[in-house]
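The listed protein sequences correspond, in order, to chains A and B. The opening position of the first sequence corresponds to residue 1 in this note's numbering, with each subsequent residue numbered one higher. The opening position of the second sequence corresponds to residue 1 in this note's numbering, with each subsequent residue numbered one higher.
Honestly, the hints are just simulated from the structure, not real lab data. Every residue, glycine too, gets a C-beta built ideally from N, C-alpha and C. One should not assume that every hint holds.
[Said to hold, decoys possible] Residues on chain B that point at chain A, a partial pick, calculated with CB under 7 Å: (1) Leu45; (2) Gln50; (3) Gly199.
[Claimed, not checked] From the derived model, a few chain A residues whose C-beta atoms are all more than 10 Å from chain B: (4) Gly17; (5) Ala19; (6) Leu94; (7) Asp129; (8) Phe163.
One-letter residues, chain by chain:
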Amino acid sequence: MTSQLPTPSHTVGPFYGYALPFEGGGEMAPPGHASAITLHGCVYDGEGEPVPDALLEFWQGEGLPGSLHRNGVDFTGFGRVATDAAGHWTVHTLAPRTPYISVCVFARGLTHHLFTRAYVNDGPDTLLDALPPERRETLLAQGGEGRTYRFDIRLQGEGETVFLDFR
Amino acid sequence: MTLNQSDIDTEVSAIREAYEKARAGGAPVAHHPPRDYAPYRSSVLRHPKQPLVAIAGDPEAMELTGPVFGATDVGDLDNDLTRRHTGEPLGERITVSGRLLDSAGRPVRGQLIEVWQANASGRYPHQRDQHQAPLDPNFTGTGRMLTSEADGSYSFTTIKPGAYPWRNHENAWRPAHIHFSLFGTAFTQRLITQMYFPGDPLFAYDPILQSVTDEAARARLVATYDHALSRPEFSLGYRWDIVLDGPSATWIEEGR
Chain A
1 MTSQLPTPSH TVGPFYGYAL PFEGGGEMAP PGHASAITLH GCVYDGEGEP
51 VPDALLEFWQ GEGLPGSLHR NGVDFTGFGR VATDAAGHWT VHTLAPRTPY
101 ISVCVFARGL THHLFTRAYV NDGPDTLLDA LPPERRETLL AQGGEGRTYR
151 FDIRLQGEGE TVFLDFR
Chain B
1 MTLNQSDIDT EVSAIREAYE KARAGGAPVA HHPPRDYAPY RSSVLRHPKQ
51 PLVAIAGDPE AMELTGPVFG ATDVGDLDND LTRRHTGEPL GERITVSGRL
101 LDSAGRPVRG QLIEVWQANA SGRYPHQRDQ HQAPLDPNFT GTGRMLTSEA
151 DGSYSFTTIK PGAYPWRNHE NAWRPAHIHF SLFGTAFTQR LITQMYFPGD
201 PLFAYDPILQ SVTDEAARAR LVATYDHALS RPEFSLGYRW DIVLDGPSAT
251 WIEEGR
């Protein structure tokens with residue numbers, strides 16, 4: 001086997017909206033499922049302005065391995081949503097068996113996507129426990145009414161979200 | 001003060017010279033663009049300033065598995081962008097083929113590839129694209145396919161996209177390109193990138209392409225014209241292989 005050099009990453013740009021989002025992309029869980037949760041939040045830039053052209057993907061390594069299809073019955077481990085004009089996004093999924101849901105952020109201006117994790121359940125956790133308190137805080141989704149969790153993503157600056165590098 | 005092309009060119013050159021100097025001093029090759037690349041102005045407020053936190057040697061990390069897309073995710077005509085409407089699109093018909101590989105050169109099989117692009121006039125069917133070029137009622141510019149179970153290859157038919165202006169700086173034009181979205185066998189291999197066409201005179205002026213500072217890495221974003229892929233009386237052929245990066249922990253020898 002020959003060693004191959006990687007294809008460089010490039011921005012998703014602003015004009016992906018007619019191509020990548022798909023119907024039901026945020027509906028990872030079938031409606032009415034007993035352990036369904038709603039995860040939502042906003043994406044902000046370094047000046048605290050909402051990012052209206054971000055795309056987020058979600059991955060939970062359980063249930064069906066992934067699919068763009070939503071049949072209303074099965075849980076699919078993959079979700080994809082775009083932010084709205086206010087930088088807001090929402091996914092409906094199941095409470096994860098692991099403490100977290102994996103999140104990948106794409107946007108105009110990001111030359112490379114960013115990985116993070118939305119922790120729905122607090123530790124103990126290897127990653128969380130290694131972070132100083134103010135950085136740990138950025139990965140914790142805040143529980144609200146009706147099984148909703150809020151997870152804001154700050155790309156830069158005060159309260160900058162912890163982003164991950166897999167080695 | 002309006003930012004013009006020569007301002008951008010000066011910044012691009014300075015970053016490239018600093019990279020080449022660092023390389024001469026023993027710095028590693030940068031296969032990917034830096035997250036902060038000021039000539040591409042949108043990057044300035046959108047890249048993290050804190051170092052990324054390394055996840056190393058955690059075999060339980062969920063990101064080391066990946067979504068697995070099935071045949072039902074893709075329809076028979078989805079890899080022909082010229083067949084999404086009833087009429088024939090305008091422009092030069094092309095066929096793009098290549099292989100999806102991992103860093104060891106192994107085919108990455110059965111994985112979803114999504115593509116999107118502007119039409120032959122350089123216009124996206126997007127509300128915020130206000131370029132005064134015509135929309136094509138017979139071309140939307142989206143397609144998807146799964147890589148072959150035999151050798152990780154893909155192929156699609158489309159129209160060669162046009163160059164278009166954007167607002168990074170005065171007189172900013174993007175070279176013709178096709179956007180690619182790729183999955184591998186782990187979420188960590190996820191890649192979004194762009195394929196360019198050989199010999200485009202706009203390469204040197206585009207801060208998005210130039211954000212890949214390493215010349216050899218930048219060249220890997222450019223497809224090759226392949227006459228053997230051209231189809232008689234139908235289309236011109238381009239070849240573009242794609243290699244997915246990923247942590248060493250990703251790779252499973254069996255079943256690949």
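Quick one, is the Gln50 (chain B) hint okay against chain A at 7 Å, beta carbons? It holds, given that the least Cβ distance between Gln50 (chain B) and chain A is near 5 Å, below 7 Å.
Measuring Cβ to Cβ, find out whether Phe163 (chain A) lies farther than 10 Å from everything in chain B. violated (5 Å)
Can we trust that Leu94 (chain A) is non-interface, i.e. its beta-carbon lies farther than 10 Å from all of chain B? holds (14 Å)
At 10 Å, judged by beta carbons, does Ala19 (chain A) keep clear of chain B as stated? violated (3 Å)
Is the claim that Asp129 (chain A) lies outside the interface with chain B correct, judged by CB distances over 10 Å? Answer for Asp129 (chain A): holds, closest chain B Cβ roughly 12 Å.
Min Cβ distance, Leu45 (chain B) to chain A: is it shorter than 7 Å? Result: holds, 4 Å to nearest chain A Cβ.
Classify the hint on Gly199 (chain B) as holds or violated, based on whether any CB of chain A lies nearer than 7 Å to its CB. violated (19 Å)
Just want to verify: Gly17 (chain A) was marked as not at the interface with chain B; is every Cβ pair farther apart than 10 Å? violated (6 Å)
Comparing the model with each numbered hint stated earlier shows that hints 3, 4, 5 and 8 do not hold.
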